[in-house]
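Join the two chains, each given in its own frame, into one complex according to the hints.
Residue numbers (the working numbering), protein chains in the order written: chain A, 321 to 947; chain B, 3 to 291.
Simulated from the structure, these hints should not be mistaken for lab results. Here the structure is a predicted model, which means the values were calculated and not measured. Built from N, CA and C at the ideal position, the CB exists for glycine as well. Be careful, since some hints might not be right.
[As the list claims (entries may be wrong)] Examples of chain A residues toward chain B, derived with CB under 10 Å:
| hint | residue |
| --- | --- |
| 1 | Leu545 |
| 2 | Gln595 |
| 3 | Gly736 |
| 4 | Leu806 |
[Unchecked claim] Chain A regions said to be covered by chain B (calculated; three or more residues, Cβ under 8 Å):
| hint | segment |
| --- | --- |
| 5 | 505 to 518 |
| 6 | 546 to 557 |
| 7 | 597 to 607 |
| 8 | 904 to 917 |
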Amino acid sequence: MVVNNLKLLVGGVQLRDAVTTVTDILGKLFMRAGLHVLAMERGYASTIYGAHQFDPLVVSASAPLSYGDDRTDILVALEHDANPDSSIQPNRDTILRHGKNLKEGGVLIYDNSAETVETGELQARGIKVFPLPARRIAQRELKLEVTKNTIVTGALLRLLEFDMDYVLFGAYLEGRFLSKGRGVVDINLEAARRGRAAVEEILSGNGWESVGYRLEPQPSAEPNLLLTGNEAVAMGSILAGCRFYSGYPITPATSILEFLDVHMPRYGGRVLQGQNERESMRAAIGASIAGVRSAVGSSGPGISLKIEELGLAGATETPLVIIDTQRAGPATGMPTKSEQGDLAMAIYAGHGEIPRIVLSAGTIEECYSLAFEAFDLADKYQCPVFLLSDLTLTDGRQNLPQSFFTENQKPIVRHGLVRASDVRGDGYHRFEMTESGISPRSIVGTPDAIFKVSGTEHDETGLITTDPSKRKAIFEKRMRKMQTYLKEDAKPPQVFGSPDGVPLLIGWGSTKMPLLDAQARLRAEGIDTCLIYFTHIWPFPVHLVQPLLRQGSMLIVVEQNYAGQLADVIQQECLVETRRVLKYNGRPFYTADIAGGVRQVLAGGTRVVRVGEEAPDAAIETVPEGD
Amino acid sequence: MSAASPETARLWEKNAFPRHRIQWCPGCGDFGVLAALKTALVRIGVSPHEVLLVGGIGCSGQTRNYLNGNGFHGTHGGPLGYALGAKMAVPDLTVIALAGDGDTLAIGMESFIHVCRRDPAMTLIMMNNGVYGLTRGQDSPTTGLGQIMEEHTEEHPPFVDPARLAITAGATFVAQSFSGDPKHCAEIYAQAFRHPGFAMVNDFSPCVTYNKFNTSGWYREHSEHIPDGHDASDKAAAWALLDDFDRRGKLPLGVIYRAPRHKKAHARLPVWEEELAGIDPEPMFSVFR
Ligand SMILES: Cc1ncc(C[n+]2csc(CCOP(=O)(O)OP(=O)(O)O)c2C)c(N)n1
Ligand code: SF4
Chain A
321 MVVNNLKLLV GGVQLRDAVT TVTDILGKLF MRAGLHVLAM ERGYASTIYG
371 AHQFDPLVVS ASAPLSYGDD RTDILVALEH DANPDSSIQP NRDTILRHGK
421 NLKEGGVLIY DNSAETVETG ELQARGIKVF PLPARRIAQR ELKLEVTKNT
471 IVTGALLRLL EFDMDYVLFG AYLEGRFLSK GRGVVDINLE AARRGRAAVE
521 EILSGNGWES VGYRLEPQPS AEPNLLLTGN EAVAMGSILA GCRFYSGYPI
571 TPATSILEFL DVHMPRYGGR VLQGQNERES MRAAIGASIA GVRSAVGSSG
621 PGISLKIEEL GLAGATETPL VIIDTQRAGP ATGMPTKSEQ GDLAMAIYAG
671 HGEIPRIVLS AGTIEECYSL AFEAFDLADK YQCPVFLLSD LTLTDGRQNL
721 PQSFFTENQK PIVRHGLVRA SDVRGDGYHR FEMTESGISP RSIVGTPDAI
771 FKVSGTEHDE TGLITTDPSK RKAIFEKRMR KMQTYLKEDA KPPQVFGSPD
821 GVPLLIGWGS TKMPLLDAQA RLRAEGIDTC LIYFTHIWPF PVHLVQPLLR
871 QGSMLIVVEQ NYAGQLADVI QQECLVETRR VLKYNGRPFY TADIAGGVRQ
921 VLAGGTRVVR VGEEAPDAAI ETVPEGD
Chain B
3 MSAASPETAR LWEKNAFPRH RIQWCPGCGD FGVLAALKTA LVRIGVSPHE
53 VLLVGGIGCS GQTRNYLNGN GFHGTHGGPL GYALGAKMAV PDLTVIALAG
103 DGDTLAIGME SFIHVCRRDP AMTLIMMNNG VYGLTRGQDS PTTGLGQIME
153 EHTEEHPPFV DPARLAITAG ATFVAQSFSG DPKHCAEIYA QAFRHPGFAM
203 VNDFSPCVTY NKFNTSGWYR EHSEHIPDGH DASDKAAAWA LLDDFDRRGK
253 LPLGVIYRAP RHKKAHARLP VWEEELAGID PEPMFSVFR
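In isolation and in its complexed conformation, chain B is listed as follows (with noise of 0.2 Å):
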């Protein structure tokens, strides 16, 4: 990784398949989150062929498909599975799960509570619309974000917060940010992707067509950025600064917690043949005579 070269920022501008039709819906957050993340892997440094995005099912999940890049999709919850895999495989690689609120926090929470505690170094941005785009607008774990809820019945049960879970699953890098600004966005994103564990960026990005209640326009009302001077590395300082939303309703954008990590080197694993001949079997042997 080095830094912004105007050289890495031409091969992410040309987008590998420029056939391919974005699918959006006209003003869907998720626009913001493809110009962010171009600027953020611009901003590293890193070329194309050292990242491997992958994608989710979901509006979210396309968005791999619409830059240059490795890209992967795989099952519904899957993402942080194969992410993990190919980060544990090729250690130097930029692994970056794309995913929806539904992905991630419904089907795919079993993923997700897991690779917080194993803290492999890779990034999840979490494209987070409070509902599941592209099934059509049911509820997601995050439905009803801000909402005043009279009384929680079976089926509306209250929203999951993904910041609060992954500080408590042991992520080491929480952030949120809001897709409608793509700056601050592509700000976030370059951190959480140098940082050395597991980065979880809950991004809200709104999703125009069914969730009528965390419009762009709720979402601007309902967050700030976090203040200068607040300390990350301080867990009960996240903890305040979340817990801040339930008294204020504002929404706190910006690096939440961030831990110290200290992760032991792996060498990539071995891959070509001749870095896999010329095995000896003698200490396996031994142990059967």
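Pulled out of the complex, with its shape left as it was, chain A reads as follows (with noise of 0.2 Å):
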């Protein structure tokens, strides 16, 4: 018997079959629960209906590491009748896609309301298998359709002997239907309970005591908050003063500015939803000029739109925050699927040079106080800042102790600011010399300290200015800033492990869970390896980071890119070579990914490993997706 510790995988039509209804209301049990749960992959089309969608869980005694790999648990098919995408596959497309990866001994549980699927070869293998008319049930015994993904959880809950009593099912009910009326509420009990019966049935009628996998709750002290790596990030901006907002709707940050849409306003602020792409910007721009945190959030072709303001907001030496929610590119790529593809953007985008700061997130935790960082870094250092992650993140959900986001709360402070008892007659001029590169900042409206502020080349008053000294001397003002930020607030790379003559992997963004997985896994089969890992990539801490790359044997650096693009920024301003595994296939990076393509380095000395081509065990897409 396995005891708190599964992947369990729904999967179905996209829109119609509300995959993640089940695994949200799952997720919120488990995590009531006090156990620990991991959603990490979640799998959808561009496409609005019809395509192929899923949705694994992870759900464990302690907090995983990672999603582990593409193997699963527990499967479950919401599919009724024949995917609108395919006459040739009738109710069969997320056992298809997801039946070779279940584990032996596994389970698999699928809709039946239509016709009963072949599956005698999964039987072979040792899973146990629950045919379950949900459908049929909730149309025709409970006149209501809407159920049958109560059906299935009710199900779900008896195979995995949880909550039996329906205390944490019923509490969930309540609070999200009473307002509705306890018909709702009742309602849905009673589909649960055909669902329990049915497994029942099934469990009896082969003599299966259980099907091998419990949850048992265990005790929690405090409450556990579930959210997305992009929910992490708009409340860490709205925590961390941000009052002005804009966007334009692309996958996957949308739902940062839905949240906020939702959410700023209570806290005095507002959300825009710019017409486009540079409105938003250049809107955000006017709301930073009138003193106000803000920022912009986009993916990486929205990004692009926004480089010729993000110029702007370097030369004006306005502080502003974007965040880059990467997808898989170039062009449109696959907005559904995770990459990282836009580093190279983030450090060297634009015409000319100006001044900025890279941030990027690794973890749902890092999405939420490297937030925090970033509107302070724009704030203090008047220009842009990136803050980077990518879609395994931005949708990936997580519990994590409520008392994490109270203690990374951090007090709110505006640098440089000019109040108006500050300023004394006319003089104050906008881009004064300083020796940090930074200039006192007046908000509109600051009597006597009337600003002028231009993109087009200019003098400390803020009026342009071609006079060669004058530009050199302000140009290099700007700059300094960033010899300030290397000295003051740069931070260096996290390590895990001891550098000393090991080989170094080195990673950035979502991968980090799945390099320390990967680095244990290596370990327990002797290679030891020392993990760097960096959230503060630009400008680059050389300082910080040259002793410790001096340490290892070799590096190794993990991207889901194709250049390896972190690799080459680490071997233009460290001088040293590096080794790459790369992966760029759409998926996530697997442990398997990883561990495979590190050992071949080890082996061959290769320099390039490119997973899902070359890895030995990696996690190879065999099924083409329709999307």
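This is the structure we're talking about:
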């Protein structure tokens, strides 16, 4: 019997089958029971209706390091009829795609309202199969089709021998539906009971006592929060003092816009859905000129469109946080698939040169805590600050103790803002020459501190000039801020393990958890590595990184892109050679990809391993995705 | 906003940056706009620190540098975007965008249409010279005003009429003025600044260097003040005025269209540490439990 340790995958037809309703309910119930929940690869398509959708959920006794591999313990197929995309494979899409990854001794539960699927092969592998006519029961017996997923939920609770008396589930339903009337709660409870009855019938029919998996509540001392990376960024932004956010809908940044639209007004802020990417960026710059902490969020294609304004923010020394939720590019790429392909853009994009800071989150915790830093640094250095995340993080969900959020809620410090009382006479110059490169900033409405700001080259008063010595001086003043940053605020990479004489695994972004997982797996095999993980990428802190890199035996940079963009930065900045393990097929890095790639580098001295093709035990996509 | 006072007049007269040399060609229409702006700002009684002047990229965009008041100068096509954000942040700020016809109607067209729809309480003075001045005389979207075009080609499409466009897009204050008549301009600007919605002033401001057709003389001949008795709240009447140009060749100067506007008041967005302190995360936490 496996207790409190499993990976469950729910699949179905996008929009119609409400796949995430099931995982959302289960996630909350498991979390409320003190278990750890991680849902890091939300599979959805850029079409709206009809494509295959899946949502894996890892449940465990202690916080899982990562979502592990493509292996599944329990597979739930919600389709109840022919996949509208395919007339040849009725009711089998989820099973065909994910059945191959079911572990031996695993469980398949599927809706057989339309027909019973041939599952002999799976059963031969020791997999217990539960056909459940959920839609038929919902329609014919309960007369309410939407309850079909509650029937499945009830079945799963029974399979996992969890919350059998519906204490947690009942409370969940009341919280969600009581405002619509007791009847709605009751019919859902009834639906859950039908699911349970169906499972019991199959169990006893096969003479099975249980399915081999059980979840047991673990009392937890404090409340937990279950949220996505985007929700963590958005909440962090509000708590970090952001009061103006604008965005133009784009996957996967949209949910930041949606969250802030609901919550920002409560804190006196405003959200703008711009009419396009550039209007969003310009409005955020305008609000920032007015003194408000402001941010824009977008993904690759939208960031590309904002680049002209990025240069402007740099040249005008306007603080601005730019959240780039990376998705697979180039061009429109794969809007619902993850990649770490925008690093070079964040670091180098734009004509001319501007001061800019690039931060990158690797976990949902960092989505939250780096938001505070991003707004603080933008304010202090009066320049654009990128906060990078990627689709794996933006849509991934994880529970974290509430105390994590309160403990990491940093006080808000406004840097260098000039108050009316600070200014005397007409002496105020917006771009005053300072040693740090940071000039006192006045905001609109401050008497006697009227500013002139221009993206066209200007002198310290803000008025336009092409005088060579003035241009040189103002350019150097602007860029000097980055030296100040390197001295005062740059952070070294995080280090896991001792770098002395071992291969260094180097990473950034959402690969952090699988990297830690892979490191543990390699260690178990006797391969010792040290993980060097970057959150503060630009300006590149050479002085903090170089001594670390010198200690390792070789550098293996693991990234989810084609070229190895961080590897290039490291080579260029530290003048060292890097090897690369890369993946860019749209699926996240699995532990096996990394471990396999590293083994290959170590064994053959391979310089570049492109995982998904060469790595021996990598999870290779064989079923083509319809999206 | 109070009424004109000698004190505000003094503040506006005082050039914040007297070292700045005016870089327009002698005789450029934009001088008239500058003079009228100062008069109008004094008339509505705002102090320079209560004003944000957002300049476009072009000769016209320089205006903000030649008088007192906060000034921001961004990208070509950008002024209305920055202005919108600043206005949303500080609702009682007097926000004035000063941009060219190329800036507004070519590269900035996307902003123009949507700002008309949003109708924020700010003003655009579009300094319309019918050409690109700063880049030395290329066609702008308003090139060809009053010219008889034998046939339109792909290279020379008919001119855009900003007033018609603004009314169509939803602007609630649409006016025209001629910078050769700064007294009248000042009157129109002052009304625009006081309008509680988006005010678009299409200001004919001749480029003496590159537009040899729409000269001051041409504008004088081809424009007239809107007759007393025009009901600006009547959209059909506004349209008739604009159609009149096609019939009689006279551009109407004055307020063409004005719709009553009732905007929900917004508070200024929080800026200072003390306004941002003591935030309660509970309403957000509760969503995730
Ligand atoms: C993105 C971009 N494209 C082109 C330019 C070059 N440019 C500068 S001003 C201008 C047009 C100016 O015309 P208009 O807006 O009518 O103003 P005017 O100078 O006539 O007052 C152009 C195309 C630029 N600065 N930025
Ligand atoms: S080029 Fe034309 S618009 Fe520009 S300053 Fe000269 S006259 Fe004025």
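Against the structure, the hints come out as follows:
no., hint, result
1, Leu545, "holds, 4 Å"
2, Gln595, "holds, 4 Å"
3, Gly736, "violated, 12 Å"
4, Leu806, "violated, 26 Å"
5, 505 to 518, "violated (count 0)"
6, 546 to 557, "holds (count 4)"
7, 597 to 607, "holds (count 9)"
8, 904 to 917, "violated (count 0)"
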